[in-house]
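Colleague: For reference, the chains in residue letters:
Number of protein chains: 2
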Amino acid sequence: MAKELKELTSRSQDYSQWYLDLVIKADLAENSAVRGCMVIKPYGYAIWEKMQRQLDDMFKETGHVNAYFPLFIPKSFLSKEADHVEGFAKECAVVTHYRLKNDPDGKGVIVDPEAKLEEELIVRPTSETIIWNTYRNWIQSYRDLPLLINQWANVVRWEMRTRLFLRTAEFLWQEGHTAHATREEAEEETVKMLNIYAQFAEEHMAIPVIKGVKSASERFAGAIDTYAIEAMMQDGKALQAGTSHFLGQNFAKAFDVKFADKEGKMDYVWATSWGVSTRLIGALIMAHSDDNGLVLPPKLAPFQVVIVPIYKGEEQLAAINEKADGIVKSLKASGISVKYDNADNKKPGWKFSEYELKGVPVRLAMGARDMENNTVEVARRDTLTKETVSCDSLDIYIKNLLDDIQANIYNKALAYRTEKTITVETYEEFKEKIEDGVFILAHWDGTAETEEKIKAETKATIRCIPLEGDKTQGKCMVTGNPSTQRVVFARAY
Amino acid sequence: MAKELKELTSRSQDYSQWYLDLVIKADLAENSAVRGCMVIKPYGYAIWEKMQRQLDDMFKETGHVNAYFPLFIPKSFLSKEADHVEGFAKECAVVTHYRLKNDPDGKGVIVDPEAKLEEELIVRPTSETIIWNTYRNWIQSYRDLPLLINQWANVVRWEMRTRLFLRTAEFLWQEGHTAHATREEAEEETVKMLNIYAQFAEEHMAIPVIKGVKSASERFAGAIDTYAIEAMMQDGKALQAGTSHFLGQNFAKAFDVKFADKEGKMDYVWATSWGVSTRLIGALIMAHSDDNGLVLPPKLAPFQVVIVPIYKGEEQLAAINEKADGIVKSLKASGISVKYDNADNKKPGWKFSEYELKGVPVRLAMGARDMENNTVEVARRDTLTKETVSCDSLDIYIKNLLDDIQANIYNKALAYRTEKTITVETYEEFKEKIEDGVFILAHWDGTAETEEKIKAETKATIRCIPLEGDKTQGKCMVTGNPSTQRVVFARAY
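Taken in order, these protein sequences are the chains called A and B.
Just so you know, we're using the working numbering here: the first sequence kicks off at 1 and counts up by one.
Just so you know, we're using the working numbering here: the second sequence kicks off at 1 and counts up by one.
The set of hints was computed from the structure by calculation and includes no laboratory data.
Careful, some of the hints might be misleading.
Identical copies look the same in the list; a pair holds intra-copy or inter-copy alike.
Claimed, not checked - Straight-line C-alpha distance at most 30 Å; calculated DSSO-like pairs for lysine-lysine: (1) 265 - 475; (2) 60 - 347; (3) 323 - 420; (4) 453 - 101.
My request is simple: use the sequences and hints to build the entire structure.
Modeller: So, in structure tokens, the structure goes:
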């Protein structure tokens, strides 16, 4: 069984297959009977809950509150913002009827043709339209602003090619929708939320990210500017891990949302929206895990420590149980989540493999000799190293170890990205190097034509125009025209 | 403004209108542009978050884990369990297409007739079918059992007559779906979850509930037995606040979910499901609130204490700010949630009305004299009484006060229910007394015919067959046939 559990395709053999194997074998998610929709299994959902709790705390600390808006959007709403409809109104689930009836032939149920909706409803692909239609009634004056609202919800986009967590027809996410009296304030909010996403990615997911602005062609449909955090996966491809949009007055104009300023002058309201989704779980897996299974950063692991007893006979087990009980209590008192697995229908070796596969950051094993010596064997998931340590002050030791692991996972990902990020000057070099799976910093002339040509010829896209780092001007590697700064190119998920 | 804010219809004048006024004016929820779907506003959603957090903790303490299943259910799934389809397959949102396209006339978008689904998808009205279809692959042997899974999700039932929180087309809920090796274990789980709901209702919502079994005609579609908790609202009507279903092997048979027991013998798996929804917010409002606004039990109030400064001039304000800051810190350190409202664009009287309307359990007011005397004025929302207390050890005083308020709100609701619960012997008396808005304990012969006759003639239904209390046998008040125990009749939401 241990063998079978561990049978992952290796990353070098087939990275995509390794990812899918891991998602399935680590019990994170699976495909459902409904095309493109996934089932998020308890272990995968527990990671999402950790992410949610942390993000929700960060949103609330910065003054945001949660609310809930309808799942359905009247079809006509989508057409109100011209760019938005182009981006979102196409591949989506359409509700046309509101009743079924018994099939006259006695077999099952059929759609009742009498129960056709006057106007079709779209299952939300994102909620700007329904929310701004609501905001119209909530905002009269500057006193009602800013409105800082977030929603945790499910959304549906009818993707044709799906992959668990990374691209599914239905996914879970949060979407912030804020309203402001001035352009400056809305722009500040957009960047503030980008920074929160970056902080979350780096401090909790242990994934270094590049903060930047999207090129026009990669902008959210209806936005003036889209900011994103971009992360590198272990195959050198980029994954957009969160976006924050400055929407200007586009949605306020589309839904006629005006406010009176302090002088009583009416103006349209300024907007932002920002979101991250269950896609982050895909990023987490692909950034850190190895051929043995998941590697989870301690801050997002469903449980951080597992204790496995190694014993012969009931008497030894009873003694270890007692000792383990004390350790569990002391670790929990230090805020460490811990599982003691003394199930008798599985061997220690099987358990070791299972928890390695599941990415539990620290494994403690206790056998007869450990009992004699007041020690425990401590195994780190990130480095796969083991050592024997004293049970005295074990809580402090483990707390520090978890911090070390969190830092080490981040540092490893950062070192990998640094190694795989290069600078090129010519398009020839670009075309050659992009095949290696790297981030390339190169000059671009700022036009959609050049961007499109590069994409068509190399499958690489502009991931973002970085906000930080080198701002030296130069010449576009393709056209030789002036470039204001280097941008990040990569192939992407 | 204070006047306008408080303009609630009184309960005695029109209880239904009072409820709707309150939901709107206390900023809890509103109707959306989509028929029957509500917008849950931040203040209402904050109550839901408190409920969620508490329930989720209780579920996890009893060994349950969360997961997520698809929003959509293939139409054919609904027909697989014969009773289930009768109860659920009718009024529901049906997805028939997956794409829109530009209207050839250039105005907006239309449904793309080319993008018709082969099989229609139903937006989940409840998830037994999709979940048991999934469980088939998760359960092979007794070692995979019990499976104790809960889901937090949105569901849709196309209700024709809706009322905010109480009955809406889309609502938020949790649905537990468990799988067991034996009938006894599944029955135990059903009752365990009923007890958890009762504990939550009584200890957190401060609402006394009657635990009981539903009559056959009120059973969940597909269940062997439905258990419920029933609460009395201030108009004497009943509200079903949570249900727990023993599903027998019905869904296991419908979806062919079998397991091998310890002896290797194959059998169908035993099931339960249980849920509570945003309807609980409606119950909370109707059970406790008064003509001045919401009355929230401290354990579910978005914030428990509000502090309002009463001052003339900047200097006084600065002094009060400093003092209030100390109080806020000490209250927060004691785990009390507190808001300090020193906004200068609203008068204290306006704030008093607003927080009364919003049901904040405790209001502290601090003026110049309080500053001199080291006191604060403490107002209780539940009793509308005020007293002046010392700022020394205020945190302990408030902590005890919040406990008092929680207990008092519960006791008041219990006293009301006790007063409004009567026993009758004859159907004549029943028909007369039911008009008063009461719970009636009466004997019933156990037949659907009698139940239906009573319902048709009095609009009262059997709320439940109570699990606790008097079990004396008797004679049906309508037919005179034998009855095993009194059951609870009431008109209901």
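Colleague: Hint by hint, say whether it matches the structure.
Modeller: Going down the list of hints, with the structure as the test:
1. 265 - 475: neither (46 Å within a copy, 75 Å between copies)
2. 60 - 347: between (45 Å within a copy, 27 Å between copies)
3. 323 - 420: For residue 323 and residue 420, the Cα distance exceeds 30 Å both inside one copy (47 Å) and across copies (56 Å).
4. 453 - 101: Result: close only across copies, 27 Å inter versus 53 Å intra.
Violated hints for the displayed structure, listed by number in ascending order: 1, 3.
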